[in-house]
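First to last, the sequence lines map onto chains A and B.
The first sequence begins at 1 in the numbering used here and counts up by one.
The second sequence begins at 1 in the numbering used here and counts up by one.
Treat the hints with care, as some may be off.
[Claimed, not checked] In silico DSS-like cross-links for lysine-lysine, where the CA-CA straight-line distance does not exceed 27 Å:
| no. | chain 1 | residue 1 | chain 2 | residue 2 |
| --- | --- | --- | --- | --- |
| 1 | B | K323 | A | K92 |
| 2 | A | K153 | A | K87 |
| 3 | B | K246 | A | K87 |
[Stated by the list, open to error] Cβ pair distances, simulated, as ranges:
| no. | chain 1 | residue 1 | chain 2 | residue 2 | range |
| --- | --- | --- | --- | --- | --- |
| 4 | A | L66 | B | E214 | 46 to 54 Å |
| 5 | B | M230 | A | S82 | 56 to 64 Å |
| 6 | B | E225 | A | E226 | 27 to 35 Å |
| 7 | B | E225 | A | P267 | 20 to 28 Å |
| 8 | A | R268 | B | E225 | 30 to 38 Å |
| 9 | B | A276 | A | H245 | 32 to 40 Å |
To be clear, the hints were calculated from the coordinates, so they are not data collected in a lab.
All values reported here derive from a predicted model rather than from experimental measurement.
Glycine included, each C-beta is placed from N, C-alpha and C at the ideal position.
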Amino acid sequence: MPVGGFHPGSALSVTHLSLDEIGHILEQASRLESMAPLPRARLYAKRRVSLLFYESSTRTRTSFELAAKSLGADTVLVSALSSSIEKGESLKDTGLTLRALGAECIILRHPNSGAPFLLARTTGVPVLNAGDGIHEHPSQALLDLRTILTRLKKSSRNLAETTLRGVTVTIVGDILHSRVARSNALLLPRLGAKVIFCGPEALLPAEAADIGPGVTVERNFERVLEQSDVVMMLRIQKERLAGLHLDLEEYMQQYQLHSERLKKFAPRALVLHPGPMIRGLEITSEVADGANSAVTEQVRNGTAVRMGLLARALDACNPSGKKSGRKR
Amino acid sequence: MKAILIHGGHLVDPANDVDDARDLLLVDGRIAAVDAPGRLNTLAKKQNARRIDANGLIVAPGLIDMHVHLREPGQGYKETIASGTRAAAAGGFTAVCAMPNTSPVNDSAEWTRWMQAPEREARVRVFPIAAATRGSMGEALTDYVELKAAGAVAVSDDGKPILRDDIMFEALTAAARAGLPVIQHAEDTRITQGASMNAGAAAFRLGLRGMSAEAESEIVERDIELLSKMADRRAHLHVAHLSTAKALEAVRRAKQKGLHVTCEVAPHHFALTEEAIADYDTHAKMNPPLRAGSDRAALIAGLLDGTVDAIATDHAPHAIHEKEQEFERAPNGIIGLETALGLALQVLHFQHGMALPRVIALLSSQPARLLALEHRGSLAVGCPADVVLFGANEDWRVEAEQSKSRSRNTPFDGWVLPGRVHITLCGGEIVYDAGLTS
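Turn these sequences into a full structure, and let the hints guide you.
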């Protein structure tokens, strides 16, 4: 996998992670999750992890922070407001400052696609991409994968090109502006899954199908629901609708996941949503809180998977004199 | 009297249809004589000429770059006229045409003269291209007659398009009367807001907003339409840094109709595709953006079949801290003066079989003709002694750190290219010497 110039503990794109590495991250997630809190907190005690957030976030930030703290690491949160970023400090200099303050891993959320690559290149520190622009959200794809594997009763051991063979995952809604959609579409087909992007032209350009093998574009939601084992609903980002030709009423008519639709076309499908949900828009409360939904499991899996990613990053720095949390 | 004899070389002078072994005698900054090997020895001795051994080298007219950004006035931290022309000389160029998107914009005779003043310490000839509209705001025309008298060789709002139909029509009309081409940066900026690369699958994958081919081709088509409505046959539309198959096709059709439309292509557009962006490499960010493989192939075909009139670098220096930013925030452009000849030889001559005289023509006599630069791009007796000596088969390694430019922003760092420049002479003076020739 190409990781040219980046610290090997980084997770910038799901395409940089081999299936073996992903399997290892998921195993670590399970192992760490099942540990008792106190011994777990000794594994990476006082290791320094920085959370650098240029965008607002509830789930991802809290989840990464909890994951780091569960491992015993010290965390520092730097957000764009209330820091020198406001004064015009560049991403490079902010990163170098954090490194100088002892950061062994930087978790970055940034509005520009590709920003984590710049940070990783200029600091040499392991960087975990917590969402960059409309590009990728690797930890989300990994937690989605963990949720899918668990719900479909598949093992996360020995991940291979066939692990998700015969599984169709439909991702619905604002694909164009979704980093979650991209990371999942770049990851799941490598495990044998078929990914269908579904949405209207304005939110889903035809060229999206060329993102990689195993991905197709469909417009008719009900038709694709019938063949879906997993349905991942995306938030309609109202702030991005300005200038797009999209009628919200019509959108809901065609693409909202409500119980009648789910019962009729995919009664057994697993329903996912990366959050934040806009209940009543892309998804109704009945579905979000219903038996098919794994929305809260996703959040729980998020912390576990992020512990796995952090353990990998901190193991890769492995400063002398500090104990490694990795068991060989 | 100062005389130089360049002997033993292979002369490629497309303007005069020479592609043969020739010696060249330069006297007092002009070409004094061109003759078969050895035939100028007596005359040279009489003139007490310094001898330059060009054995194994190509001797060609000094290259002319009709599209560079020298950043002066106003942005000397990126480049100065002195540093930019040093880079030009190192790349074999003896004349460069400086775009007006400086700070302030060169939209006056004063700034046009300022750029050519001896205090700028230009190493090679600088021909200013003046703004087509005041402040390049696209609203009111500048004074083309006055600008031409001050030395401007064309008008352009490069960096920005002239969007308004009426203003573009007026610009073509006024420029025709003044005897200047209008150089258009063809980009419909109304539909490229926030875009930082070529539109398509790669942009989708990278999560970057894309500029469509239509954003370029529709402006080219609009301009051609305006030109076709003009009665004044002197009107000349030149399309800057053409980058798409669609726009090229529009130019090809216009030429077939006999319209005076010409275009240039930049080396990076025939050498690279959007794939060069890889992991958000800002050295692969420019405007127009690197395009798809099919566009690159079309440009090469257009260079081979003569639809493309010239190669121009769009040399655009930027400081390290400006390029070391988030991809969407980094400025557009790369330096290109030192790599143009090498890339043209590598891609066009060696990979696609373009004859050497044609490569040289695209880099010298052709731009001279487009901009009516009299006696430039030619090695005829009486012309200025602007000459480049290079080893066509001689490989060299691009080292950004060694660039004569103030800036380092090139995607070609580390590339091995043919066409090592040995000596560049401008007006009979050696302005670059790699120290390889005795």
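query = Which numbered hints turn out to be false for this structure?
reply = 2, 3, 6, 7 and 8
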